[in-house]
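Enquirer: Using the sequences and the hints given, assemble the complete structure.
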Amino acid sequence: MNLGLSDTQEMIRDSMRQQLQREVSWQRVSAVVADGGHDAALWKRLATDGWLGFAFPEVMGGGGADLLDVAVALEEISKSAAVVPFAETMACVYTLTRHGTEDGQAALAEAVVEHAGAVAPALGESSDDARPAVSDGTLSGSVRYVDYGHSCTHHLVGAFGSAGPQLFLVDARWPGVTQQPLANVGMTPQSAATYASVPAIAAGDEDAAALLTQVATVLSCVQLVAFSQQALDLTIPYVRDRVQFERPLGTFQAVQQQCADMVSALDATRYLTYETVWKVDRGICSAADLATAKAAASRTAVFVTMTAHQLHGGMGMTEEYPLHFFSRRARERSLAWGSEQESLAVLARYVADETDWR
Amino acid sequence: MRFDWPPEQAEFREEVRQFAAERGQKPSWDQDEDRENWASEESRENLAELDRRGWLRRSWPKDLGGQEMSPWYQFLLALELAYTDVHYGRRGTSSMIGPAIQRYGTDAQRAEYLPKIWSGEITCALGYSEPNAGSDLASLRTRAVRDGDSYIINGSKIWTSDAHWTSHVYLAVRTDRQAPKHRGISIFIVPLNLKGITIRPIEMMFHHRTNEVFFDDVVVPADMRIGEENRGWYMLATALDHERVTMAINNYMDLVHVFEWSIDYLRAARPDVLADPVALRKLAEIRLDLSMLRALVMTTGSVVAGGEAPSKEASASKVWATELGTRMTGTVMDLLGRAGTQVAGSPDGPPVRGRLEQQLWFSALQRFTGGANEIQRTIIAERGLGLPRERRTA
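Here the protein sequences line up with chains A and B, keeping their order. Quick note on the numbering used here: the first sequence kicks off at 1 and runs consecutively. Quick note on the numbering used here: the second sequence kicks off at 1001 and runs consecutively.
It should be emphasised that the hints constitute simulated quantities derived from the structure, not laboratory data. There may be inaccurate statements among the hints.
Facing chain B, from chain A, some residues (calculated, C-beta under 10 Å) [claimed, not checked]: (1) 270; (2) 277; (3) 279; (4) 315; (5) 331; (6) 335; (7) 339.
Beta carbons are placed, not taken as given, at the ideal position from N, Cα and C, and that holds for glycine.
Expert: Laid out in structure tokens, this is it:
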């Protein structure tokens, strides 16, 4: 049991943090959000600096990062509010390099490492008559809620193939791919994708599809922890400095008690999130573990960011101040990959029969 | 970062689990038994056996008979013993008084008290609160006046649980009435059989007995003072941090127990409740809260294992555990409907073997003992987050 970061993880955190502090200002994030797309220049920069290859195993010429390393990097990116498909691409890279077909891995390496592409998981909802299916090597069907669907060069689509449910890698720039932009509360890029006889590479089997869901879910927990941490880190100096009734807000007991509840919920959620990342990395994460982490992360992030708004007053609601990035994205991620209630419904299936979970 | 135990610690945990399974208490709550069994012969035997095995001192320095192993051993021991409710003397004594004597005592005091604390020969009640010094503990007025090689103590303590059977009381008294209130307090370890000490029982609403202890010209040798004169407040703060770690571990395991028993009870007696998806969702929420508590308890352990004094983490665990205790008993009782009202003495017997009612009142108590939760939140905000001090009168 050791909750400290390894030397490598500290290096990952520090170098990512420094680079983002240099390059990503709140103004830049606002400009990208207003534009509706993603920060393509930052993505190129991340590629140049080797971040896109770092989760590939060393035998494949990558950096050999495990899922905890990925989580540490993702937490920093999420705190900067940068609009890049890092979580999405890393979820696909981690899944396919550990559990993909040879064809899938080769295509992935070419797309991401050689051409600085990005990959979006396309496992979102489909209507019954449009579930993606593959026949004769081409994929057809529709998927809603593809995060960064437009920004990514490729999609990793959950579809029914000859061997049952599988993962297929498609080139999202192919003419048969049409994407309708969606607007969400997080103001992050998202689309509904329709695939019409698009060439598809069989990239992973049913187990790979299950792993992709686990990885994407737990990485969304990491994002929620980052948003909560940022909301808290903005709130503490604010209530320390802001004077009303001739005293700092932070000397009022009612304010202090709310800050205490924010950090306690966050500490608990951070532990559960990283424990679950570790379990997924080891292949020992149960459905109840995953649902517990997601329910905790969703609940905490909404609680912490909304309490941050209360303690900031009007300043927190302005677009000139960065809190809105985190409260918006917290609300959005809290509903993605299992909302609090959806996750509790999963947990409810196990709660009467669990043993030795303590 | 890693979240499993190294093989030696995993093995140790298994050994403790086995010991705990053999010696744990009956899985029911009997109000009359509960009053006395912490003082029972069996409880003393358990303590002596734990000491014989060297388990209580694994994490202690070698010169005190310890093995200087990771503090996680002590943590795992406490966790597993709490799970099966193994009674071993007063649970708190060794974990709170021991470290304080180790850190602040003289060599002679360490040699005198520590072995006896481990063997169970010395048991301790905590003499902190007074009728006019509760949450504002530093306002305590029981005073000790130096008289040659002794002090003469006068005053009274309240909520001194266990004092009717322990050998000693760990006593906070005022030794300088002129100094600011935090700088005039000293700590003594006082045998309860000294002349001038009277103990009056106080009956609490959940069949718990506590005490009021009166000191009337009690003569205490000066070598029973622990640490420097007038520096007692700072020792007290350390001891209170350790008390909260102990509370966090015990509360967590108590709640796990009550939760598991509630599920067992529902499965056997009320399958209709477990067939209701809304009820299952409610239980899942409690299960989620228990996992968050586990996370806080483990985070606290990690701070202790890192050699630091726990403060914000232990406070957070204490707040979370005690408030969850109220929520949990509320949820399960509510799901039971009128059957939830039955207590010991009813021909139907109480649901969940009486543990729901016990936890209901116990968590009501625990939310304000060991430092009220409002004070814990202040500690988290000021010590943990560095917020400026709230306004207090000096």
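Enquirer: Against each hint, give a clear statement of whether it holds in the structure.
Expert: Cross-check of the supplied hints:
1. 270: Since the shortest Cβ distance to chain B is 8 Å, the answer is holds.
2. 277: Hint on residue 277(A): holds, closest Cβ of chain B at ~8 Å, below 10 Å.
3. 279: Holds: closest Cβ of chain B sits about 7 Å from residue 279(A), inside 10 Å.
4. 315: Violated - the Cβ of residue 315(A) stays beyond 10 Å from chain B, reaching only about 18 Å at its closest.
5. 331: With a closest approach of 19 Å, the residue 331(A) hint is violated.
6. 335: 17 Å, violated
7. 339: Given a least distance of 13 Å, the restraint on residue 339(A) is violated.
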